[in-house]
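Student: The lines below spell out each chain.
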Amino acid sequence: MKFRSSLVCGVGTLLLSAAGAYNVQAASVSMVNLGTVSNSATDTGILPNQAQVVEETFTLSSTAGITAFTTSYGGGNNLNGTTAGAGGFQPSLILFNSSGNYVMGETYPSPVAHTDPTTHWALDAYLSSSGLPAGTYTIALADWLNQQSPSATNLSDGFTDNLGSGGSTFVDAQGNMRSANYAFNLSVSPAAPPAATPEPATLWLVIPALAAAFVYGRKRRSRLV
Amino acid sequence: MTNQNLISDIIEKSPNRRSLLKTLGLASAAAGAAFTGVNVLKAQSSTPSVVDVLQFALNLEYLEAEFYTVATMGKTIDQVGIGIDGSGTPGATTGGNAVNFSNNLVFTGQIAAEIGADERAHVTLIRGALNAAGIMPVAKPAINLNALGIGFANEASFLTLARIFEDIGVSAYSYAAGVPTVANSPYIGTAARILAAEAEHVGSIRLQVARLAVGTSALDSVDIIPPPSGTHFLSVDESTGLVAARSPGQVLFLAYGGAANATSGGFYPQGVNGAINMSSASAA
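As they're listed, the protein sequences go chains E and R. Just so you know, we're using this note's numbering here: the first sequence kicks off at 1 and counts up by one. Just so you know, we're using this note's numbering here: the second sequence kicks off at 1 and counts up by one.
Rather than coming from a laboratory, the hints here were simulated on the basis of the structure. Errors might be hidden in some of the hints.
[Unchecked claim] To be clear about the criterion: a stretch of chain E counts as covered by chain R if any three or more of its residues have a C-beta under 8 Å from a C-beta of chain R, and this derived list gives those stretches:
1) 30-42
2) 141-155
[Stated by the list, open to error] Over 10 Å on every C-beta distance to chain E, these chain R residues come out as not near it, computed from the model:
3) G81
4) F107
5) G203
Source: prediction; values computed, not measured. For glycine and all other residues, C-beta sits at the position ideal for the given N, C-alpha and C.
Kindly generate the complete structure, drawing on both the sequences and the hints.
Tutor: Put into structure tokens, the structure is as follows:
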């Protein structure tokens, strides 16, 4: 497989206000544009604080299956050929479409996560969709305690860090201290072309019949001549 | 064990089909006529037959299955291949939409999808059991998922309505388990397993409600609401260690939008199908 390095086109930080009773601490957002991804992309980095959300935006030029996963909690191989060490925070992944509408959340547990050698837990995040239409999408990567309000209706509603430190301290679901490191991977598989339509079985009956009629006609014509 | 296995198990527990039908309380009645509404008053003034109870349960399962399927897939159950035809008055499902499950703290979207699959399986299971006994299941009645104006706007709204449906479902099956015609039927084992499934659903949903700080309000005087609005994570009466049981009439009081002695309203704008179709006063 040919790996494609991530392309960080711009990083901006936005302070978003959050709605509802969950408005404990508004999360800040950094945006990473992966561009048009036809094979794979990887983005690694360090969150400046626990309330930060990374929005990984990418474009599909045609209908495709995607698989997104992190390797930073338990370590593992990234799709750009690098290797992530274990020790990162417990991540969460949510997929939104170009309108900011929710498409799908992560699948727990991740089928490809490695077990952290210290905590003995495999808490990396994973999501997969078999047929996303062409378009632009955003996967929000955040610490597991940094989520949208339950009353949110769109990505633009932002994330709120209700339960975490909001600072430089990262704690997983088991209470283990973690680092701010993340490693995000996106694999894109173009949708398989539609299977060729089989010829109707009756056609195989008709063709010999037509051939026989043709031969009979030629013989009859030659006898008349 | 597949649905077909469960159905076969039920049939095997009866010595023969005639015996099964007798157990179902149908040996002296034409099966089809029992569900046309002719026996409504009789059914509601005396102990309902196990078939009446199963048909009533099927109405509830249709509603739950529609709710979770629309919320998680944006489709109705017939659009994903679940049978909805049968006796009584069929009707369309209106309202609802796919929900934004973007708060993944407690896996709400993933759990909702699992529950949806369970509820669709319950529909298929009950329909299969009735068909196997030679009884036509009731058709899915008209369902208005927007009866309360909640459930689909966001994750909190979804959990509010899911909590209502699951707590009602558990109490309905709990009551049914005590109906002699059900308790003494070959269906009791499967009914107990459905009740256990519904109880797992409500336990999970209530924990999500509490963790995500979703406000709730009591449906009736036996309803125990979870935190933050209430104080008990589980809908279990601590003095008895038991969940509440609501009669079909009490369930329909809630499903019909808080109307007593009604035959339609709320989530069932044209009523439910089957002999049990009238609401009573609310549970006290």
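Student: Between the segment 30-42 of chain E and chain R, see if three or more residues pass the 8 Å beta-carbon test, and mark the coverage as holds or violated.
Tutor: As far as the segment 30-42 of chain E goes, the hint is violated, because 0 residues have Cβ atoms under 8 Å from chain R.
Student: So F107 of chain R supposedly isn't at the interface. Is its beta-carbon more than 10 Å from every beta-carbon in chain E?
Tutor: violated (6 Å)
Student: Does G203 of chain R sit more than 10 Å from chain E, CB to CB?
Tutor: At roughly 18 Å from the nearest Cβ of chain E, G203 of chain R sits farther out than 10 Å, so the non-interface label holds.
Student: Taking a Cβ-Cβ distance under 8 Å as contact, does the segment 141-155 of chain E have three or more residues in contact with chain R?
Tutor: The restraint on the segment 141-155 of chain E holds, since 11 of its residues have a Cβ under 8 Å from chain R and three suffice.
Student: Taking C-beta pairs only, is G81 of chain R more than 10 Å away from all of chain E?
Tutor: Its Cβ never comes within 10 Å of chain E, the nearest being 18 Å, so this holds.
In terms of the numbered hints stated before, the structure departs from hints 1, 4, listed from lowest to highest.
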